[in-house]
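Student: Chain residues, written in single-letter form:
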Amino acid sequence: MRQSKYKIDKRVILYLLLLAAALLFPMAANRRVLNIAIITLMYVTLGESWNLLSGMSGLFSIAHALFFGLGVYGMTITTNRLGMGLFAGVVMGLVVNTLMALLVGVIASKLSGLYFTMALIGLHQTVYSLSIQLIDLTGGSMGISMPREYLFSKTQQYYMVLTLAVASMLFYVFIRRSRIGTNFVALKENPDLARALGSNIGNWRILATVFSALMASLAGSFYALYLMSNNTEVFNASISLKIIMVVIVGGMGYVWGPVLGSSMIVLDELVRGMMPSRFAPFSVVIYAGVLIIMALLKPAGIISFFQRDEKKTPAKKERATT
Amino acid sequence: MGVSAYINIILNGICVGGMYGLMSSAFTFQVGSLRMVNFTYGACIMLSMYLTFFFIRMVNAPVILAALGVIVINFAIGWLMRKTLLKRIDEGMNILTTMGLQLVIMNLVLFFFTSYPRDLAVFEKRIYFTPKISVGIIQLACFVMAGVILVSFQLFLNKTWTGRAIRAVVQNRDVAGLMGINSERTLDLAFSLSFILIGVAGMMLMTMFTVEPNFGDYITLIGFVICITAGLNNLTGAFITGVLVGVLSALISGVLGTAYHDPMLFGLFVVVLLVRPYGLFNKRKNAVRNI
Amino acid sequence: MSKAKRILAVLLSACLATGLFYGCGDEGATQPDAANPPAAGGSAEDGELPPLKIGMVTQLTGPNAFGGHEYQYGAEMALEHVGGEINGRKIEMVFADGPTQDATLSEFERLYNDGVRVFISGYGCIADRTFATMADDMQALYLSLAWDADLLQGPSTYFFRGGANVDDFSRGAMMQAIDIGKTFLGKDAKDLKVALLYTTRLQHVANPMLETAEANGVQVVINEGYPDTNKDFMPIITKLQNTDYDILIPIQGTPDGTLFLKKIHELNYRPKVILAGGIFYDTPNFSDLGNEITNGILTQSYTNPSISEDAAPGITKFKEDFEAEYGHKPLAHALQAYGGMNVYFECLKKVDPKDWDDTAKLAAAMKSLDFEEGKLPWYWGIKWDEFNSNTRAGQMVISEWMDGDMYAVYPDFLRTKDPVIPWEQ
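Residue numbers (this note's numbering), protein chains in the order written: chain A, 70 to 391; chain B, -18 to 272; chain C, 610 to 1034.
The set of hints was computed from the structure by calculation and includes no laboratory data.
Check before you lean on any hint, since a few could be wrong.
To be verified - When the alpha-carbon atoms are kept at most 30 Å apart in a straight line, the in silico BS3-like pairs for lysine-lysine are as follows:
id, chain 1, residue 1, chain 2, residue 2
1, C, LYS958, C, LYS992
2, C, LYS699, C, LYS881
3, C, LYS958, C, LYS699
4, B, LYS106, C, LYS662
5, C, LYS662, C, LYS958
6, C, LYS963, C, LYS662
7, B, LYS113, C, LYS976
8, A, LYS367, B, LYS113
9, C, LYS802, C, LYS1026
10, C, LYS926, C, LYS992
11, C, LYS1026, C, LYS984
12, B, LYS113, C, LYS881
13, C, LYS881, C, LYS662
14, C, LYS881, B, LYS106
15, C, LYS938, C, LYS963
16, C, LYS699, C, LYS662
17, C, LYS958, C, LYS926
18, B, LYS113, C, LYS970
19, C, LYS984, C, LYS959
20, C, LYS796, C, LYS699
21, C, LYS802, C, LYS791
22, B, LYS113, C, LYS796
23, C, LYS699, C, LYS872
24, C, LYS976, C, LYS1026
25, C, LYS802, B, LYS113
26, C, LYS926, C, LYS1026
27, C, LYS791, B, LYS106
28, C, LYS791, C, LYS840
29, C, LYS799, C, LYS840
30, B, LYS106, A, LYS367
The shape of chain A in the complex, shown without the other chains (with noise of 0.2 Å):
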């Protein structure tokens, strides 16, 4: 890319000025917004993850959630039934997830595509129903709560949430601009051509999901100490589905998609509250006809209203990888 220092100094700027409104944000700001900023900036971090895995290295991955509940398993776990700290509960998480990815990546380093969504899906629904049935552990479908003195008021948790957010972001763009990050992007676009130069495309493969899997896991220790407790809905198919849409919706590939994205996140807050109880259904309507429309439309996201100029938009890029 072609920079002149200037426009560089006015981009750090610009990005200075939008953390710091980040940070004075919780002055601002009543309960229920900070409640709906968490959130937001928990999707983001959820988002990033995927955007990783999924827009860098096109390995399409819709249980995302397999990644995320585990972290919030770990956390629970960890400090309910193990009795130890915050701290061991997030290596808790990182560990299993850890495992967890290389299983996942081993295979996808097999094969891709629809095989590898597959087998994240058949393991997503393993670890899903024994995440019931493994009850003295797992508190099965009632759950375990986490201990009531790690209750952080919304504002910690929202700077809690801001540092994930902003870290995943940095990792995202120190990925993208390393060499780890040009294999990635050269397996998802040409993975034949990757091979024929020599890149090991397994090995590359379990990287990346090692990597998403590393961040959604983070995400998911923070989601236990907001939801304070565990519950099997984490692995819904519904928090995978909100991970995508964020990514889809702000821009794949971009590491500004998810932020845009998350804009929806946003609204599905906003819209839920506002519609009368019999048309509620409609909302998720509305939800999936954006997400539809998106895809179908501007498969390039938000993102790409903006760079018009620019010649080379994603939407090309998202050609199935094979």
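Use these hints to put chains B and C onto chain A, whose structure you have.
Tutor: Below, chains B and C alone, put in the same frame as chain A:
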């Protein structure tokens, strides 16, 4: 438990497996032969079940008319979907748009029929071989139908001109066009036809099960498992895999206990993916790069 | 050029996002401030007090919408029966839809932001674990009807758990099975064989039953948990057919229970005694199966609308009005919400309506409630232990289905009809 108990379990497993085969047949055809990843699949079967219920119990239509209605509506849905959502063959976007549509269907059903579970309250007659060994008539019919439909679809694809045309179009659209095949129309027709299978499966399931808006999730799951385990583009294989899954399910439930069913079945599925990623019934070389 | 445009884009969307936040911030600002609920002073003194809002976040959509609506109707009915006001101040119910835990939590925050400070559980009580940790910090009065007692982690000022306990529920069912064995089958606990069948989603109900069975020497010859998605009951039924047992205890949800019962009917197989412990067995879905299937099935539940008027004053009026208004017989869930609301009304009666906005006073009044069993329409009494868990909600009811209707058969003082065990066609 005696020997007869196990025979009964296995026999019923085979029948249920046939039903699984029928359930996943349309999916196998759509993904395997047409390369259209249709995630609305379970939701469409669920919708067909509700439509059956609606025609028979709420409108009190005769069974024949009800069946015709369900089939026509399904054909129309298939046509519309192909014309809008699945216009481009792009796996990633197909997954997304059909996932979205699945939610739309589910929630519209929820709105019109509420989440109260619906049941036709038909009781299945059973054929008794011995006092302890018996199979249900509807299940048996499902088994036979699934076998006939899947095998004849496979024959249709392999032997008839239209079938070959469909395969040619899927493999290379441009060349097929040069050969004088109207590729768009062929695909439209094939996809819409596969929705008739969905309608039939939905009607059969409605006679056996209670339907609720999220009923389709499980069907989609079983459909995936069978379709991928068999290997894409292999309908006969899908039928055999369906039966295998049915028997395996029944044996896991009967011998180990039903609690082991889901973890073992889906765990095995992942093992199959690791060991034979191209499917149980496919040759290695033509499967992996298929999609 | 492109950079400038991109910056513009980011700025625009930032403005949009801020606008959205402020939009709903303003909406919130017109409502009473989060920290200071409206004090009923000043000009409002001689005028009308604003109605007290009681919030319920329940599952109005999603797979459990039916139960969620039962809760809603039960609460509405309770408010109607009290005339919409207590001591001259109006009361208003505010319902919100919470099909999942995170939606419930978000809606809770929304209602809280709109000035609602008094809450009651919705159906399934799916986010009560979270509220149990938060209620004290938020100074919001919360009456939970959740049955998992372990969500209480210590003393609380604002969080009350008014409903039954899952352990009492399961132990009661197993003790009753032993009792039935003794009275009707002539078998001692040591000789009694039971078959336990449950969906793993309800494993927490099955586990205390197994413990109770073990403690009393009852043999559990079949202990089968199946996943919620199970569609094929043949292996399980074949097992049942080939095992010798006295009482079948199914703990099932709606779709699986229907399938199971239809299947055993098709197979013409009828266990001697079915003592169900679970939600499905007192729903209309169950009674829709027809008398041939349902007759004689016993079901253990919370206090339900079939109990006797003598022990639960007001239950007949509730039952009749409910059916007249909503077109179907109320379920145990509706009675739960109805009873829970009545607990709130008792609490409100003790506090001057001017002080209703002070949740600390309401919480103190709540804590001081002391009702013996049989004084409230849900039969249960109220007496809080040190963790604010209701100690007088342990009584369960066994009902029997006879020709399409449910009659309480156990315990004696709630009985509306004598049990027929085993059922003869």
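Student: Decide, hint by hint, whether the structure agrees.
Tutor: Going through the hints against the structure:
{"no.": "1", "hint": "C:LYS958 with C:LYS992", "verdict": "holds (17 Å)"}
{"no.": "2", "hint": "C:LYS699 with C:LYS881", "verdict": "violated (53 Å)"}
{"no.": "3", "hint": "C:LYS958 with C:LYS699", "verdict": "holds (12 Å)"}
{"no.": "4", "hint": "B:LYS106 with C:LYS662", "verdict": "violated (55 Å)"}
{"no.": "5", "hint": "C:LYS662 with C:LYS958", "verdict": "holds (15 Å)"}
{"no.": "6", "hint": "C:LYS963 with C:LYS662", "verdict": "holds (14 Å)"}
{"no.": "7", "hint": "B:LYS113 with C:LYS976", "verdict": "violated (60 Å)"}
{"no.": "8", "hint": "A:LYS367 with B:LYS113", "verdict": "violated (60 Å)"}
{"no.": "9", "hint": "C:LYS802 with C:LYS1026", "verdict": "holds (27 Å)"}
{"no.": "10", "hint": "C:LYS926 with C:LYS992", "verdict": "holds (25 Å)"}
{"no.": "11", "hint": "C:LYS1026 with C:LYS984", "verdict": "holds (21 Å)"}
{"no.": "12", "hint": "B:LYS113 with C:LYS881", "verdict": "holds (18 Å)"}
{"no.": "13", "hint": "C:LYS881 with C:LYS662", "verdict": "violated (50 Å)"}
{"no.": "14", "hint": "C:LYS881 with B:LYS106", "verdict": "holds (23 Å)"}
{"no.": "15", "hint": "C:LYS938 with C:LYS963", "verdict": "violated (37 Å)"}
{"no.": "16", "hint": "C:LYS699 with C:LYS662", "verdict": "holds (9 Å)"}
{"no.": "17", "hint": "C:LYS958 with C:LYS926", "verdict": "holds (21 Å)"}
{"no.": "18", "hint": "B:LYS113 with C:LYS970", "verdict": "violated (67 Å)"}
{"no.": "19", "hint": "C:LYS984 with C:LYS959", "verdict": "holds (16 Å)"}
{"no.": "20", "hint": "C:LYS796 with C:LYS699", "verdict": "violated (57 Å)"}
{"no.": "21", "hint": "C:LYS802 with C:LYS791", "verdict": "holds (12 Å)"}
{"no.": "22", "hint": "B:LYS113 with C:LYS796", "verdict": "holds (28 Å)"}
{"no.": "23", "hint": "C:LYS699 with C:LYS872", "verdict": "violated (51 Å)"}
{"no.": "24", "hint": "C:LYS976 with C:LYS1026", "verdict": "violated (36 Å)"}
{"no.": "25", "hint": "C:LYS802 with B:LYS113", "verdict": "holds (22 Å)"}
{"no.": "26", "hint": "C:LYS926 with C:LYS1026", "verdict": "holds (19 Å)"}
{"no.": "27", "hint": "C:LYS791 with B:LYS106", "verdict": "violated (37 Å)"}
{"no.": "28", "hint": "C:LYS791 with C:LYS840", "verdict": "violated (35 Å)"}
{"no.": "29", "hint": "C:LYS799 with C:LYS840", "verdict": "violated (34 Å)"}
{"no.": "30", "hint": "B:LYS106 with A:LYS367", "verdict": "violated (53 Å)"}
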